[in-house]
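> Top to bottom, those sequences are chains A and B. Residues in the first sequence are numbered from -5 upward in steps of one, following our numbering. Residues in the second sequence are numbered from -5 upward in steps of one, following our numbering.
In case anyone wonders, no lab produced these hints; they're calculated from the structure. These figures come from a predicted structure and were not determined experimentally. In this text, a Cβ means the ideal position worked out from N, Cα and C, and glycines have one as well. One or more hints might be untrue.
[Stated by the list, open to error] If you want the ones that stay clear, here's a sample from chain A, every Cβ over 10 Å from chain B, calculated:
| id | residue |
| --- | --- |
| 1 | Arg(-3) |
| 2 | Glu(-1) |
| 3 | Arg2 |
| 4 | Ala78 |
| 5 | Arg89 |
| 6 | Ser93 |
| 7 | Pro96 |
| 8 | Leu127 |
| 9 | Gly186 |
| 10 | Asp231 |
| 11 | Arg247 |
| 12 | Leu257 |
[Said to hold, decoys possible] To give an idea of the interface, some chain B residues facing chain A are shown, with a C-beta separation under 8 Å as derived from the structure:
| id | residue |
| --- | --- |
| 13 | Arg23 |
| 14 | Gly63 |
| 15 | Gly94 |
| 16 | Met95 |
| 17 | Leu182 |
| 18 | Arg184 |
| 19 | Leu194 |
Number of protein chains: 2
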Amino acid sequence: MDRAEIERQLAVAIDIVEEAGAIALRYFRQPLEVDNKAGDVAFDPVTAADREVEAQVRARLAEHFPDHGILGEEEGFTAGSNDACWVLDPIDGTRAFMSGMPIWGMLLGLTVAGRPVAGLMHQPYIGETFAGLSDAGSWFQRGADRRELQTRATDKIEDAVLYCTDPGLFLETDTMAAFDRVASTCKLRRFGSDCYGYCLVAMGQADLVIEDLLQPYDIVPLIPIIEGAGGIVTSRDGGSPNDGGFVVAAANRELHARTLDRLSRQ
Amino acid sequence: MDRAEIERQLAVAIDIVEEAGAIALRYFRQPLEVDNKAGDVAFDPVTAADREVEAQVRARLAEHFPDHGILGEEEGFTAGSNDACWVLDPIDGTRAFMSGMPIWGMLLGLTVAGRPVAGLMHQPYIGETFAGLSDAGSWFQRGADRRELQTRATDKIEDAVLYCTDPGLFLETDTMAAFDRVASTCKLRRFGSDCYGYCLVAMGQADLVIEDLLQPYDIVPLIPIIEGAGGIVTSRDGGSPNDGGFVVAAANRELHARTLDRLSRQ
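Bound-form chain A, shown alone (with noise of 0.2 Å):
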């Protein structure tokens, strides 16, 4: 596939996933004590919005591009007869969705040949969208405010933002140390970030987002954001991070080899 037709098939993925934040939003901030007909089983809002937007998405991707594949987090892999696949987190950030923090995010990204080569974030409340082509450049759009993503040029630990969703990521001893090693000499480091972080890397607001326990369909959407602006998204060795588990992105290639050193050192 060719560039042009990369950024077409962006185009209309954000079409898509914008049309179905308004699913997200009729659960969003919605009672969690809600009537359940069904029985003893609690009503869930977050797995029920998970399920309708997911089944939204495929239904338009497969109009669009019925050859595709798609992987998502709720109905799993579709195989499709070429190779390229869309990548699909109907919302990340449950744990905000549910707790009402408007910065969880509905993710879909496009991978060729198994390469992330575009992606987008959408948080339908705030009316926000972080979209990149891995070779080509990210934008955020809000309304009429449309705007080039940018990484710092931040190369010192010392002088970094890191954002991480949880420290409760960090399962073993060793990964939590490690993690603790860059945090603790950072500028800032703030926890509670989701999503979101990696787009406010990608805009140039942070530096670093360390995590663990990551999903393929947590973190592939996002590297094409910040690839296009100008960061890193690997593995904690430096290798590739569409697999997910512990990934380190980071705002341009110097920050990023400095905090694998620092991760890696006993």
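Fit chain B to the given chain A structure using the hints.
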């Protein structure tokens, strides 16, 4: 002051803070490395936003309420000639502000004879205002969407959603252990909340906020929002939270009592 007069003053305060939101937004998400004509001193957009917002809000409050005192984060205390005092945090959540995360807020509260009676939180980027009268209800407004706030009936810690800005707020072994006793048993514990967490308790989206090291202006404006919605805010030992320090905000009296008990158990 009777309730109608407090309500009138809160309405004026909301107008003043919402107007000052435009100042804060001029500094939000601006590059940190701004051309600095002052020389060696680094330009600090948070401090600039804090100062400009506080100066304008103080000036407008003085026009409308010349007899009231004002306590603000930047300029400290200005005595009034009656027993009413405005308590102002121009940008609560400066770390969120400086890293582009849109959950900081502008806080303004009214105390009469030292008691918080009215308060508001305004988040200008999202366009939300949470406001309350301690004795007469709280509400949320975003554009044309206005709704009453009501805390949840969650009465067990095991079912509670707990927010806290940062684990680093608990500097002493004792306070960290006390927090952990609650956090480890609640249904969900999230970090990264700032003033927004208290508003989510008022909104019935979260059940608890536990934090230490608060300043009076961090908490006083939020107390009427939570109380007006049916919640309760105290210090760790059940006393007044008006001086800040270790603060517990809970959705209802039963959950609050159980939380204080868990915090105190060694």
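> With d taken as the least Cβ-Cβ distance between Arg247/A and chain B, does d exceed 10 Å?
holds, 19 Å
> Please settle this one: Gly186/A was flagged as non-interface, so is its CB more than 10 Å from every CB on chain B?
violated, 2 Å
> For the restraint on Arg184/B, tell me whether the closest CB of chain A is nearer than 8 Å.
Holds: closest Cβ of chain A sits about 6 Å from Arg184/B, inside 8 Å.
> Holds or violated: is the Cβ of Ser93/A farther than 10 Å from all Cβ atoms of chain B?
Nearest chain B Cβ is 5 Å from Ser93/A, so the label is violated.
> Any Cβ of chain B at or closer than 10 Å to Arg(-3)/A, or is the non-interface label fine?
The claim stands: Arg(-3)/A keeps its Cβ more than 10 Å from every Cβ of chain B (closest is about 28 Å).
> Say whether it holds or is violated: Glu(-1)/A keeps its Cβ farther than 10 Å from all Cβ of chain B.
The claim holds: Glu(-1)/A sits with its nearest Cβ about 32 Å from chain B, beyond 10 Å.
> Would the hint on Leu194/B stand, with a C-beta cut-off of 8 Å toward chain A?
At 5 Å from the nearest chain A Cβ, Leu194/B passes the 8 Å test, so the hint holds.
> Does Pro96/A really sit off the interface, with its C-beta more than 10 Å from all C-beta atoms of chain B?
Pro96/A not clear of chain B: closest Cβ-Cβ about 7 Å, inside 10 Å.
> Does the interface hint hold: is Leu182/B within less than 8 Å of chain A, judged Cβ to Cβ?
Since the shortest Cβ distance to chain A is 6 Å, the answer is holds.
> Classify the label on Arg2/A as holds or violated, using whether its beta-carbon is more than 10 Å from each beta-carbon of chain B.
Nearest chain B Cβ is 29 Å from Arg2/A, so the label holds.
> Against chain A, with CB atoms and a cut of 8 Å, does the hint on Arg23/B hold up?
holds, 6 Å
> Was Leu257/A rightly flagged as not at the interface, with every chain B Cβ beyond 10 Å?
holds, 20 Å
Of the numbered hints listed earlier, those contradicted by the structure are 5, 6, 7, 9, 14.
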